[in-house]
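Those protein sequences? They're chains S and Z, same order as listed. 266 is the number that our numbering gives the last residue of the first sequence; the numbers go up by one with no jumps. 1287 is the number that our numbering gives the last residue of the second sequence; the numbers go up by one with no jumps.
Just so you know, the hints here were simulated from the structure itself, not pulled from any lab data. Every residue gets a Cβ at the ideal spot worked out from N, C-alpha and C, and that includes glycine. It is possible that part of the hints are untrue.
Taking CB as the label site, the calculated pair distances span [said to hold, decoys possible]:
1. Z:V1043 with S:S166: 29 to 39 Å
2. Z:P1093 with S:L100: 33 to 43 Å
3. Z:E1269 with S:L100: 48 to 58 Å
4. S:L176 with Z:A1191: 28 to 38 Å
5. Z:V1208 with S:R150: 32 to 42 Å
6. Z:P1254 with S:L180: 38 to 48 Å
Spelled out from the first residue to the last, the chains are:
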Amino acid sequence: MNEHAGRGWPTWARPGVWVPPLVAFAVLAGAWQLYAVHNPTVIPKIQQVVSQLVDRPYFFFRNALTTIQEAVVGAAFGMGMAFLLAVLMSFVRIVERAVLPLAVILNVTPVIAVAPALVVAFGFGMTPKYVITAVVVFFPFLINALIGLRSIDPLSLDVLTTLHASRTEVLWRLRLPSSLPFLFAAARICMPLSVIGAVVAEFVAAGRTNGLGTLIVTAASLGDLKTIYAAVAVLAVTGIVFFLVVVILQAKLLTWHSSAATAANA
Amino acid sequence: MPGLAPVPHHEAGPSVGRSGAASAPAVLLRAVSKSFGPRQAAVPAVDDVTLSVETGKFVTVIGPSGCGKTTLLRIVAGLLDPDRGDVSVFGSPVGRAVEAKGIGFVPQSPALLPWRTVLENVQLPLQVNEKAHLADGRVRRDPVEVLESFGLGNVLGRRPAQLSGGMQQRVAIARAFVFDPPVLLMDEPFAAVDELTREVLRHELLSVWQGSRKTVLFVTHSIPEAIALSDAVVIMSPHPGRIEKVVPVDLPRPRGDLVETTVEFHELERQVRMEIRRSWKPEGPEG
Ligand SMILES: Nc1ncnc2c1ncn2[C@@H]1O[C@H](COP(=O)(O)OP(=O)(O)OP(=O)(O)O)[C@@H](O)[C@H]1O
Ligand SMILES: [Mg+2]
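Bound conformation, chain S alone:
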């Protein structure tokens, strides 16, 4: 990038970085407000949404917590299973041939269509939400993990092979570390996706548990636009936070990768 613009600023603090999106955001907010004033039945005014959040912060916080729990537990479960399966697949070729087509079918199946069946099977508690969220993140994580486990440098593999490294040693010392950048890239996609999964699950099974999705369904049935958009705003922030957590973890844990990348660009 341009090294000379904004000298002395850290990258994120350069005016060139934050001014354009801020302007775009302001323009969008202005247009929203203008439209809301003339069409109060279509969208609420911004101050109405904000006052919702300010008036009942604990209410939104409690519902957000439920949705976050569903998203995090479901995502951890789905990503964990996908990772184990990817390791197994890269270890035993037959498993890959057998399972990959099934995973592709699972991927093109709209999970939402199966969701009511999951509610019938698991009831209205947390379980169906975990399952749906896990299913949503499963496939993208599986594919990325598979690619990552295969993205090894062939010459490094040669070196390990001449040392007579076992398959387990190749897995631990070469495949897993090589796959880490891919796993983080997948997590950057999957964590925000898990929020969507949790909300959709709540739409279908808006039962005993609360949560932002349940809140939206209930508010919609009452025609309460302010609450809906307040919940949507909280969801958006949640997605961003999830994304940032992954980015920060990656920056902390994968220093070798970023330094290798900058060296390659230099």
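Given the coordinates of chain S, work out where chain Z with the ligands should sit on it, guided by the hints.
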């Protein structure tokens, strides 16, 4: 098969070093051929190669790009199985030598693990397949000492991305020396560095090798490098990859910085150049 093979392979073929004793050579290839591609359209990469390297000798393979040098080295390392012919290391099949961690391999690019520091990269061969080490009671050399002998004592904690190309090559070579394998295979380890660094690395390698006297099979594109380093220069020709000629190098050891300036050196250089010109002629006017 075209009958131009310069080397009769009823016996050990071009042999390097003249021990004459009954002991098996460190590396022995007999009528080794390897093709790539589907059976009908197979392109031979290495054709009918017979070569014997005696223990403790430094042998260089020189040849144009694509003549099968890497393929040959990978066959000796047990990474590729030849289509025909056989390979042995100290009289046993290659697989045995690999199981015992008897072969050190320096690939064409450094192939360091980017998440490991310099020191950790050099420790890798000691960590992998540990049983082989306990089995034959070989010396486990101290990684720090090996790195110091290659002038890397002050970058132990750095990551490969923070090193220059020449330093990365040094680390890759140190990684091959650290577990003390009796046979070292090096595939153009200096190809990616500039001429000046190359000469420095060459002398470093020579002085470390002088102290251990491993058997080395070394691939290069450079004639002076081949002569300065080795006891014999194996000239390969392309399409298909064959051995054209083995030129013995009888320069005294240890060789100092100034071997390149001696009359004998220049005479050998001329001789190798002539051989190369003769054997590669069909490829074009360039010599
Ligand atoms: N895995 C492979 N599959 C198909 N063809 C291959 C493979 N490996 C090598 N070859 C072919 O075999 C021939 C010899 O390749 P090799 O890499 O051994 O040459 P080289 O002498 O090491 O060349 P360079 O000096 O450029 O490294 C080439 O024509 C190459 O295209
Ligand atoms: Mg090569």
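Status of each hint after checking the structure:
{"no.": "1", "hint": "Z:V1043 with S:S166: 29 to 39 Å", "verdict": "holds, 33 Å"}
{"no.": "2", "hint": "Z:P1093 with S:L100: 33 to 43 Å", "verdict": "holds, 37 Å"}
{"no.": "3", "hint": "Z:E1269 with S:L100: 48 to 58 Å", "verdict": "holds, 57 Å"}
{"no.": "4", "hint": "S:L176 with Z:A1191: 28 to 38 Å", "verdict": "holds, 30 Å"}
{"no.": "5", "hint": "Z:V1208 with S:R150: 32 to 42 Å", "verdict": "holds, 36 Å"}
{"no.": "6", "hint": "Z:P1254 with S:L180: 38 to 48 Å", "verdict": "holds, 45 Å"}
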